[in-house]
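Colleague: Below, each chain spelled out in residue letters.
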Amino acid sequence: MTDAAHAAAAESERTVDRSKMQVSDEVAIEIAGMNKWYGEFHVLRDIDLVVNRGERIVVCGPSGSGKSTLIRCINRLEEHQKGRIVVDGVELTHDLKNIDKVRSEVGMVFQHFNLFPHLTVLENCTLAPIWVRKTPKREADDTAMHFLEKVKIPEQAHKYPGQLSGGQQQRVAIARALCMKPRIMLFDEPTSALDPEMIKEVLDTMISLAEEGMTMICVTHEMGFARQVANRVIFMDQGQIVEQNEPEAFFLDPKSDRTKLFLSQILGH
Amino acid sequence: MPQDRPSVAYVQAETIPPSPPPPSAAGPLVWLKENLFRGPVNSLLTVVSILFLVWLVPQIVQWAFIDAVWFASSLDECREINAAGACWAVIVERFDQFIYGFYPEALRWRVNLAFVLLLVAIAYALFDTMPWRRQGLIFAATYPVIAYWLIWGGTVWGPLLFLAAPLVGWGAWRLLSGRVPSALALVAGVLVGALWLLYVVGPADRAITRFVGDLRYETTVERLEADLSPGAIEARLEDRYADPDALAEAVDQERSNVERRLERLAGLAGDRAEAESLAAEAEAAREALPDTVSGISDRRALLNLETDLSDGDLAAIEETLDLERRLGAALSRIEGTYEDIGRVGLTPITSRDLGGFLLAVIIGVAGITLSLPIGVLLALGRRSGLIFIQSLSIMFIEFIRGVPLITLLFVANSVLAYFFPPGSNLDLILRVVIMVTMFASAYMAEVIRGGLAALPSGQYEAADSLGLDYWRSMRLIILPQALKISIPNIVSTFIGLFKDTTLVVVIGLLDPIGLISTIRADSAWNGIVWEFYVFVGLFFFIVCFGMSRYAMWLEGKLKTDNR
Numbered sequence: 001m002t003d004a005a006h007a008a009a010a011e012s013e014r015t016v017d018r019s020k021m022q023v024s025d026e027v028a029i030e031i032a033g034m035n036k037w038y039g040e041f042h043v044l045r046d047i048d049l050v051v052n053r054g055e056r057i058v059v060c061g062p063s064g065s066g067k068s069t070l071i072r073c074i075n076r077l078e079e080h081q082k083g084r085i086v087v088d089g090v091e092l093t094h095d096l097k098n099i100d101k102v103r104s105e106v107g108m109v110f111q112h113f114n115l116f117p118h119l120t121v122l123e124n125c126t127l128a129p130i131w132v133r134k135t136p137k138r139e140a141d142d143t144a145m146h147f148l149e150k151v152k153i154p155e156q157a158h159k160y161p162g163q164l165s166g167g168q169q170q171r172v173a174i175a176r177a178l179c180m181k182p183r184i185m186l187f188d189e190p191t192s193a194l195d196p197e198m199i200k201e202v203l204d205t206m207i208s209l210a211e212e213g214m215t216m217i218c219v220t221h222e223m224g225f226a227r228q229v230a231n232r233v234i235f236m237d238q239g240q241i242v243e244q245n246e247p248e249a250f251f252l253d254p255k256s257d258r259t260k261l262f263l264s265q266i267l268g269h
Numbered sequence: 001m002p003q004d005r006p007s008v009a010y011v012q013a014e015t016i017p018p019s020p021p022p023p024s025a026a027g028p029l030v031w032l033k034e035n036l037f038r039g040p041v042n043s044l045l046t047v048v049s050i051l052f053l054v055w056l057v058p059q060i061v062q063w064a065f066i067d068a069v070w071f072a073s074s075l076d077e078c079r080e081i082n083a084a085g086a087c088w089a090v091i092v093e094r095f096d097q098f099i100y101g102f103y104p105e106a107l108r109w110r111v112n113l114a115f116v117l118l119l120v121a122i123a124y125a126l127f128d129t130m131p132w133r134r135q136g137l138i139f140a141a142t143y144p145v146i147a148y149w150l151i152w153g154g155t156v157w158g159p160l161l162f163l164a165a166p167l168v169g170w171g172a173w174r175l176l177s178g179r180v181p182s183a184l185a186l187v188a189g190v191l192v193g194a195l196w197l198l199y200v201v202g203p204a205d206r207a208i209t210r211f212v213g214d215l216r217y218e219t220t221v222e223r224l225e226a227d228l229s230p231g232a233i234e235a236r237l238e239d240r241y242a243d244p245d246a247l248a249e250a251v252d253q254e255r256s257n258v259e260r261r262l263e264r265l266a267g268l269a270g271d272r273a274e275a276e277s278l279a280a281e282a283e284a285a286r287e288a289l290p291d292t293v294s295g296i297s298d299r300r301a302l303l304n305l306e307t308d309l310s311d312g313d314l315a316a317i318e319e320t321l322d323l324e325r326r327l328g329a330a331l332s333r334i335e336g337t338y339e340d341i342g343r344v345g346l347t348p349i350t351s352r353d354l355g356g357f358l359l360a361v362i363i364g365v366a367g368i369t370l371s372l373p374i375g376v377l378l379a380l381g382r383r384s385g386l387i388f389i390q391s392l393s394i395m396f397i398e399f400i401r402g403v404p405l406i407t408l409l410f411v412a413n414s415v416l417a418y419f420f421p422p423g424s425n426l427d428l429i430l431r432v433v434i435m436v437t438m439f440a441s442a443y444m445a446e447v448i449r450g451g452l453a454a455l456p457s458g459q460y461e462a463a464d465s466l467g468l469d470y471w472r473s474m475r476l477i478i479l480p481q482a483l484k485i486s487i488p489n490i491v492s493t494f495i496g497l498f499k500d501t502t503l504v505v506v507i508g509l510l511d512p513i514g515l516i517s518t519i520r521a522d523s524a525w526n527g528i529v530w531e532f533y534v535f536v537g538l539f540f541f542i543v544c545f546g547m548s549r550y551a552m553w554l555e556g557k558l559k560t561d562n563r
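Chains as they are written, first to last, in the numbering used here: chain B, 1 to 269; chain S, 1 to 563.
If you are wondering where the hints come from, they were derived from the structure by calculation, not from laboratory data. Since the model is a prediction, treat every value here as computed from it, not as a measurement. Glycine is no exception: its CB is placed at the ideal position from the N, C-alpha and C atoms. Be careful, since some hints might not be right.
Some residues of chain B that are not near chain S, with every Cβ distance over 12 Å (derived) [stated by the list, open to error]:
(1) D100
(2) Q163
(3) C179
(4) P182
List time: in silico DSS-like cross-link candidates among lysine-lysine, alpha-carbon distance up to 25 Å [said to hold, decoys possible]:
(5) K159(B) <-> K484(S)
(6) K101(B) <-> K152(B)
(7) K137(B) <-> K150(B)
(8) K559(S) <-> K159(B)
(9) K159(B) <-> K33(S)
(10) K181(B) <-> K137(B)
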């Protein structure tokens, strides 16, 4: 690392307020014996994972390890073929009503933002509350402005996504998910498509979300973020959960050879 | 390190302000050089093109405007005035026919009104900045029914009952939703609406007309009898005719008309009695038929076939058929009388009276407005995961696209009536509209499917992840974007459809192209070719160019990036 990069890294390490980051005994997500295939290809193998309310979990692993697929199964953007997934007490089956219910309680942020380009930032944020939650438009507007302020871009509310920078778009995407008042947030490599300058603003937003006690599962390679915020880091390879531990132990004392190799590769320069 | 080497360290302290480009990079001369005279080949092409235009344009102007004859009563007269120019006189003289076809002159205000309302409806459908937008859109949605009534005439009940169909379907859906699965309630709602259209609208319309006819019977008879008293008709008509001979002729015509109506009214009771007794006789005759025949509906065919029926049986069949025919005649006579006195509405016009641009616009507008929503549904159906709906959509699209439109029009002309309940007597133009719509919908579906495929899958996933159900995510997220991408192709399909309306000439409808041959059959104008096609071509060009310009405007308006 160059000196400048070190300085930037040091700057981003702001002190994290841990007072509300509490893990309760209540189970938010339960995944048991879950398997998934794409045709013949076995992408997820015997996944067992229990996430309690208030947990902040970082999932990492080499590309193709199934980490994105795993969190996309949690709101059933992908269908699993074996085992069970229970989110907030609702089991994901073919029942469309259950799926829509789970999806409205689980917010998701994508690598490529996936904002709706034909709607303004504000409309992006109010669409689901109005049509899914049946919130009155005025109330939805107020909520949306509240969250846009929180991600620090209220002045962009009436612009279209195409007019914003990548970092701003990703923060809008976070606000859009938050407007549904989700109980769980999923992040699918939220900073991978961003310029280095913009990564920080998105990570800051995610940190403040964690500070409020949101249950989060983040697929990310931002190890600084993992160290600061996560209470658990999961390492996946070839469709399996290879290792999981608290961040300190995970980074300082990885147990499996595969984890050691992975960490040496992403932290090695 | 040697001192004479330049240092690599460098700092730019100030921002360089923007400045205008040098004259060699902008301005009209630069534009000319860049676009018209870039290299020898380009320059040569420019010169040749200019020479060609200089040679061509004056000739066209000379023919179409300077030497043109605007007023004359025949081609010969045109040629006498100026043989070198266009004979626009034929267009001037037959202009009304080109617009209205054979629509009765006294009723053309209905077409004009329908056209003005069409412009209003189109304005509301196309531009979202109109005042009273909500009311305007409701009007635009009901416009087709209003226009149909204005142009074809008939009772007012038919259109009203037709407009009630969605409400009836919605009512059925409301009644059932919550009690049965939602998909079933939806299907039931659609089905009830369709059944209402097919089996309730017509009979209810006739029943109301009959009811009103009964109410009006006495007063109508009185009024007609009053008309027959000496001088009554003259008094009514004398304002309208200055010429006494014309007045006398009109009065005579009106008098015989009144007499005929009175006669029909007087015969109404007799017709009903006759119908009643014929109905009873026919019923009895049917019951007396031998068992082998009574189950067969098409008994007329039996008479022509070589069957082993005895002569007595054949005679019985013939008698039954005869009774049924007479019963039908009596019933239609009664109905005609009731329609005469009980109609609350406009004088009916038959489809054969429609023609010219009126016909082209009717078919074009109906086809365009129907093919877009049907195309959307077919495109969604083709991409749907439900195998039944998907294969149905694919079969429809592939079949309709694979068949020439002319074939479909012939089908509309002859075969289509078999698919509807007997007696619904679908109008020829309606059948043509159905076929043209189906044809355009198939193309439209593929155009829109292209738009759907062009959307990144992230849009579908984002909509899903927010908990939007299928129809909402389609309506709010996917279709607005897919349709926007598809605008150029959608408009191309629209333009193609509108120009294809000229094909109806093959089944004997007189659209503008069809009228050309009709007018040329008139000996006064026989021999004119160019003027007709230039005129008709110009009309189609203006409409199609308008659509194209609207599409460009819409594309610019919907552009949301880097505005």
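Colleague: Need the list of violated hint numbers for this structure, in ascending order.
Modeller: 1, 2, 3, 4, 6 and 9
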